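Residues per chain, in single letters:
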Amino acid sequence: MTTLTKQQQDPAARVRRPKAAKPDRKSFIHRSGDLKVALFFIFPAMIGFVAFYLVPTIRGVYLSFTEYSILGDPTWIGIKNYTAMLGDELFWNAMAVTVQYVGLNIGFQTVIALGLALLMHRVAKSTFIRGALLLPFLVANVIVALLWFWMLDYQLGIVNEIISWMGLPRIAFFGSEQWAIPTIAAVNVWRHMGYTALLIFAGLQSIPNHVYEVASLDGSSPTRTFWSITMPLLRPVMVLVLVVTVIGSFQVFDTVAVTTAGGPINASRVIQMYIYQKAFGESDFGYASALSVILFVILALVAFVQMKFLKGNESDLD
Amino acid sequence: MSTSTLTRKKSVNNIPVNRKPVSWRRVGAWALVVLAVAVTVAPFLWMLRTAFSSNAALASNAGNLLPADFSLGAFKRVLGMQTPEEAIAEGGSGAAINFWLYLRNSVIFATVTTAGQVFFSAMAAYAFSRLRWPGRNAVFGLFLATMMVPPIFTALPNFIMIKNLGLLNTFAGLTLPYLFMTPFAIFFLRQFFLSMSREVEEAAMLDGAKHLRIFFQIVLPNAAAPLATLALLTFIGQWNEYFWPLLAGQDESVRVLTVGLGVFKSQSPQGAPDWSGLMAATLVAAIPVLLLFMAFGKKVVNSIGFSGIK
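Protein chains in written order, with my numbering: chain A, 51 to 368; chain B, -12 to 297.
Be aware that one or more of the hints could be misleading.
[Stated by the list, open to error] Here are the simulated distance ranges between beta carbons:
1. A/Asp268 to B/Lys286: 36 to 42 Å
2. A/Gly137 to B/Ala49: 55 to 61 Å
3. A/Ala350 to B/Ser184: 33 to 39 Å
4. B/Gln237 to A/Phe93: 29 to 35 Å
5. A/Glu117 to B/Ser240: 32 to 38 Å
6. B/Val26 to A/Phe276: 20 to 26 Å
7. B/Leu129 to A/Ser176: 18 to 24 Å
8. A/Pro232 to B/Leu22: 17 to 23 Å
9. B/Asn51 to A/Pro314: 50 to 56 Å
10. B/Val26 to A/Ser333: 38 to 44 Å
11. B/Leu22 to A/Ser278: 26 to 32 Å
12. B/Glu73 to A/Gln205: 21 to 27 Å
13. B/Trp87 to A/Ser119: 34 to 40 Å
[As the list claims (entries may be wrong)] Quick look at which bits of chain A chain B covers, simulated, 3 or more residues with Cβ under 8 Å:
14. 187 to 197
15. 340 to 352
Calculated directly from the structure, the hints in this document are not laboratory data. Just so we're clear, the structure is a prediction, and the values are computed from it rather than from any experiment. Every residue gets a Cβ at the ideal spot worked out from N, C-alpha and C, and that includes glycine.
Just chain B, with the same shape it has in the complex (with noise of 0.2 Å):
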């Protein structure tokens, strides 16, 4: 397969030629491409499908294609917008559960987090990055040590601490652990702020600007791209996050999307699942990242796939 690679990279640096040559290889490997993107693609089809779909029709159009019997109900029972009764005709359980609420939770928990992460790791990867203080490189290479540590093992003690404190089931225990900081986040902009030049910023300081002024009106929108980079990826991350929330934030008021989910399946009357309902429901929970991808794709796609090894 390489020749063929060789023979487009070389129209491009010798003559632009346009014709590639078709040769079963090729068709075969596109194949597989458009195999891959519709494995991919499908599942998410099916969500849509089954979303709008009656639950009661499921069953007898189990591999019909198009939604069964066209329905927005599974939307409204997701929404709190049927009453008990109309929710348990149409196959739910009946029991209270309100999406609109995990939605409003999960974006202030997202959004929070994010915030205050992104900017307090800011601050701290231009301490390592442009001050010098003694213990600097020590205090990133502890930081940086925790990198290793896995989630699971602070999870444990973290929730003693927030249950100590009274705050099990509130936002502040919910979004404290992330609010100020992850060892990727520092690491990741310190990286960044070291590749930055330095002679807008020496030119301040001649003139006599202070580390904080430097650090909001050059820094920061020098920045600006992988600062949003870093922000996109952290806030899709705190929206799927659901080990964190499922310990310290069971209760109704602060429950996220992740978690409602969960809460959801396990209420759907076990031998007849409410399957429209449960898609209906993961639809919703999925919508805002995939708005977010729809409108930032490129710049996810590139922070990933960016340049490699140099």
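This is chain A alone, in the form it adopts within the complex (with noise of 0.2 Å):
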């Protein structure tokens, strides 16, 4: 999930400089020689997109027509791959598990992450409490799990104690088919709530000051304030955080890997997992390289959806 770390970083990046983002300037001394030295910089970086991102995805589509154990060479079978997942029902099941966990975790993280990017903004502005906040992104995914897998365990588990003295029936929250996947979802929100509120925030502090001024003259109340004014500015970001948000969402992994497995029977196996299972559980990589076609997809349609709501809104604040 580091990964996700890495796409979730690329739009503050992106929110950060956005001007720098025009082709370079013509000031600079050119030399006919610049191709040869070009060369010798990107030699490197060359090498590795080649190797670990180019060859790797055209192979990935190729393989996804072929029949494939890893031993042996793959067979061409065309789209076989493609019809048999019309038939799979683990594979729409893993569709399904997967949405609601989407649907789970978006929503609430979200919601949970603006209301605290408004605190950040309006009351809590040091640096210590956005730290704290960010604390449980900056661990790792397992340890998160695993954290959490201890403090719900239904046995002994702190979560369950206060649940069993309050009188309250125990929760079996990785244990149970119909809690599987929002407790997970919920250990999630837990991790990303916190630098979801940083990446609004950033938002949140781009709006200029003279806009809540001007409506506080004009007698605006908060909550009017909050949905006719920040709301609509801060749209543009809101957007931006949820391709990003939700494009990791889809992919999540480790922490389903390290506590239930998938199980109970199939109440978690989100798609990555499926797909890891696939491939190395059942050695099926044809099968499981058009899985990973089909999660591509998706995530493109997602990114290409959100970025043309996007285009509709940026010239808000003009």
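Could you use the hints to bring the two separately framed chains together as a complex?
Written out as structure tokens, the structure reads:
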């Protein structure tokens, strides 16, 4: 899930210096020998790019049309992997579970993060508080998952101790089909809420003060100001944050892998878990690649739809 | 709530008044902030409390806030300083586990990939921001496009390639995919290089300095701050990486902490898990990041919260 970190940081960077994205200035002294120098400077990155990004991407698409068990050579079978998916109940289950997870995770995370961002912006500007809220995000997914696995344990976990102390029945958070996904979603809300809040907070700081001052002079109530000024002006940032968090959320794996491993039964077998099991559990690399292609397409669609949505809102401040 | 913000902003702009109006809104808002910090920090304290407890005593003291029967046994167990018999007696699995080794492996993995990635990405960013060459923008666009590819998508073919090269369970296989670049790192540094003033570089160029010298003696020192931020974020990300090491580094000799934690958890006796051992292990795995955060927390926080959309 580091990649999630990286992907999440990327819009933050884009948010930071959009102006610098322009093609570079022409004032620099150019010489015809630049190509040779450029080849030297870009050579290591080019190796990494071709060997570990470009070729694997093409190869991944190719493998999705083959039957391949890693021993021997891939056999071309056309679109059979894709047609098999249509009748694969586990695939549809994985999709349903993943969508449920994303819905719960993103829904709660966004609302809580927005609330926290407003609090940071208006009352608690201290770096210390922001740092404290960011802490869970810096600790590995695996660590967070295990920590909550312990705190939510049926027998001895502190949360169930509190629940039973209140006279309520204990909950098998990771152990029951109905609770597994909501629990995993909640754990990751806990991990990501501070980080998401910081991204939104950055957006809040970009809203010029005079807008609020005018609203206040006009006698706008705080609630009205929030809905008619803060939210519309914040929308581009919110959409960016959503693009990033939704894409990350679709690729949930670590938390599931170390807590439920997809169970009980199929209750938490999210799509990336299913891909992992197909490839490394059943040595079905062809089918696993086809599943990855579908995941890739879904993520691209999600990003595309959300970015289109973003463009329509970019001019809000002008 | 925005009224209170306004009051404060105005007092800053006009007359520096220190008194802020105490309203129930403000009190309520602060209560929420305190609650959020408590919810965030409390689980870490619980980790600490459990790690210093004796596993056997946990059952009878489940709700006690202080360590149950204070003991360092869990840490000894995790760091391979107990015999299997001792470990089993204290509720461990008795299986050989040595987080010292995993700690070393994590340090190697995270340090090597961070150093390589940041340095080579800086070189590439220099080529993309300072040099003119045919196809530059097309290549950069291609690099950026791969940022969209989900890691699992390249992980399978990468695994096959590393396996075919015979590099599974070696540090080479573990680090190679991260060693040369990530699209994000290049993008991040290029943005910064573009925003840097070029006067000094142009002057040096007129004096006959070569690109290599400009890169090492002018650009890198001037970009020390963003390079440090990038290195810090990359290191934390690599330290926490789980999926790729799970695929390519299962063998004990190269197993990193995150993977080791998963193994430790799955070895733990099913009926009565070694909770103190598990929490001691997570603590050991988290400490380096926590230390980094204590030292450079402000940098990390500001790298995310910085300035926003202008």
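How the hints compare with the structure:
1. Between A/Asp268 and B/Lys286 the Cβ separation comes to about 40 Å, which falls inside the hinted range of 36 to 42 Å.
2. Between A/Gly137 and B/Ala49 the beta carbon distance is about 47 Å. The supplied range of 55 to 61 Å is therefore violated.
3. Distance hint check: the CB atoms of A/Ala350 and B/Ser184 are about 38 Å apart, consistent with the given range 33 to 39 Å.
4. Checked against the hint of 29 to 35 Å, the C-beta distance between B/Gln237 and A/Phe93 comes to roughly 32 Å, which is consistent with it.
5. For A/Glu117 paired with B/Ser240, a C-beta distance near 33 Å keeps the hint of 32 to 38 Å intact.
6. Taking 20 to 26 Å as the suggested C-beta distance range, the pair B/Val26 and A/Phe276 conforms, at roughly 24 Å.
7. At roughly 43 Å, the beta carbons of B/Leu129 and A/Ser176 sit outside the given window of 18 to 24 Å.
8. Roughly 21 Å separates the CB atoms of A/Pro232 and B/Leu22, a value that falls within the hinted 17 to 23 Å.
9. A C-beta distance of roughly 30 Å is found between B/Asn51 and A/Pro314, which places it outside the suggested range of 50 to 56 Å.
10. At about 43 Å, the beta-carbon gap between B/Val26 and A/Ser333 stays in the expected band of 38 to 44 Å.
11. Here the CB-CB span from B/Leu22 to A/Ser278 is close to 28 Å, well matched to the stated 26 to 32 Å.
12. A hinted range of 21 to 27 Å holds for the C-beta pair B/Glu73 and A/Gln205, which are about 24 Å apart.
13. For B/Trp87 and A/Ser119, the Cβ-Cβ distance of about 37 Å falls inside the hinted range of 34 to 40 Å, so the restraint holds.
14. Proximity of the region 187 to 197 of chain A to chain B, defined as three or more residues with a beta carbon under 8 Å from a beta carbon of that chain, is established by the 8 residues found.
15. Counting residues of the region 340 to 352 of chain A whose CB lies closer than 8 Å to any CB of chain B gives 6, which reaches the minimum of 3, so the coverage claim holds.
This entry does not satisfy hints 2, 7 and 9, going by the numbered hints stated previously.
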